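Numbered per our numbering, the sequence shown spans residues 534 to 921.
Honestly, the hints are just simulated from the structure, not real lab data.
Since this is a predicted model, take the numbers as computed values, not measurements.
Beta carbons: idealized from backbone N, C-alpha and C, even for Gly.
Careful: at least some of the hints might be erroneous.
Pair by pair, the computed Cβ-Cβ distance ranges are [unchecked claim]: (1) Asn691 x Phe800: 26 to 34 Å; (2) Leu895 x Pro737: 24 to 32 Å; (3) Ala656 x Glu700: 50 to 58 Å; (4) Ser758 x Asp732: 31 to 39 Å; (5) Ser883 x Met703: 21 to 29 Å; (6) Asn636 x Arg672: 16 to 24 Å; (7) Gly676 x Leu790: 40 to 48 Å; (8) Pro737 x Asn636: 13 to 21 Å; (9) Thr707 x Thr660: 35 to 43 Å; (10) Thr601 x Asn644: 26 to 34 Å.
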Amino acid sequence: MKVPVIYNLRSLITRRLTTGLTVLGVGLVVFVFTAVLMLAEGFYRTLVTTGEASNVIFLRKGSNAELTSGISRGQTNILRSLPQAVQMEDGKPLIAGELVVINNLTKRADNQPSNVVVRGVSAESLTLRNKVNIVEGRRWRPGTSEIIAGRGVAQKFNGCGIGESVEMGMREWTVVGIFDAGGTSFDSEIWGDADQFMDAFRRPVYSSLTMKMADAGQFDEMKESIENDPRLTVDVKREIQFYEEQSQNLGLFIKILGLTVTIIFSFGAMTGAVITMYSAVANRAREIGTLRALGFRRRNILTSFLIECILISVVGGFVGLFFASFLQFVDVSTTNWVTFSEVVFGFQLSTGIATGALAFSLIMGVIGGFAPAVRASRMPVVNALRAS
């Protein structure tokens, strides 16, 4: 004979204060747990979604980042002749040589310095990046000291708003446009004419080349031909793979650090659940004795008390998840360990994260309630009925 669930619900309502405090404790742990996963997911998505499925990126052999790469003009001309590239209307291949450097700017909030990625691009770069759209102002004019700034840079750094100017490479550059890159890492960059940046930063070679393939299925064939060409000393990767590799180290660090904090907090929450349930067992000794006298078995008592703790934890899980969901409206920034520059990104909540958070709260409920439930089930009937 099972103990009715309504009995558990009435018991929790009767102990409003202790039940509420335990729910808040579990909710806080689930909030931290969810926030950490959302933070890591947001950083991962920001970088990974930067790449396009049909794009490939060329770097100097052995380089794992654009900052440490360099491709000469001679090799650039060879790569432009690859037959796998999409041909534009004028017959030219859709491949863009880009220069990537970092520049130190001050933040609007506190005037503290931080690095920003500065990317020298060409007209082909805007065609290659479908997610990049100029939302205010206009595009830079080739051959001039005009630049456009990503949405994240314009909001957070001095001199990067439209009509403002910033000094880089011993020259003053005027911001003539703001672009939105759809939440990708390009939102944290400044773009301008590649040739002008090469002159200003004294970098005579491209950092990387990006090409749109006519058929993404020909990637392996193209890679083999490049590796067998003695004139070329470059590595080629799918753009999505390249940006995924950029996110791995910091994303893993965020998860490990956050989960460590979460585990410490979870011990506190489970301790609170244990104290609450032990208190309930002590205060309800007569009830337990009465239930046993009415014919309810030990396993029914154990299940009943375990259900109570699980209900508390699951409600706490939903509370924590509910408040964590509002973090999706918050943008944060951190330093990308690969480029040593500021990256603006947001918290991202996924179905997997929500499911994991609720499962985590359920596990806390089971662990926290098991020992008190066992004690309640093993309480002798006579002693329970004699309890005051």
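So, going through the hints one by one against the coordinates:
no.: 1; hint: Asn691 x Phe800: 26 to 34 Å; verdict: violated, 44 Å
no.: 2; hint: Leu895 x Pro737: 24 to 32 Å; verdict: violated, 60 Å
no.: 3; hint: Ala656 x Glu700: 50 to 58 Å; verdict: violated, 25 Å
no.: 4; hint: Ser758 x Asp732: 31 to 39 Å; verdict: holds, 33 Å
no.: 5; hint: Ser883 x Met703: 21 to 29 Å; verdict: violated, 45 Å
no.: 6; hint: Asn636 x Arg672: 16 to 24 Å; verdict: holds, 20 Å
no.: 7; hint: Gly676 x Leu790: 40 to 48 Å; verdict: holds, 47 Å
no.: 8; hint: Pro737 x Asn636: 13 to 21 Å; verdict: holds, 18 Å
no.: 9; hint: Thr707 x Thr660: 35 to 43 Å; verdict: violated, 24 Å
no.: 10; hint: Thr601 x Asn644: 26 to 34 Å; verdict: holds, 30 Å
Hints 1, 2, 3, 5 and 9 from the earlier list are contradicted by this structure; the remaining hints agree with it.
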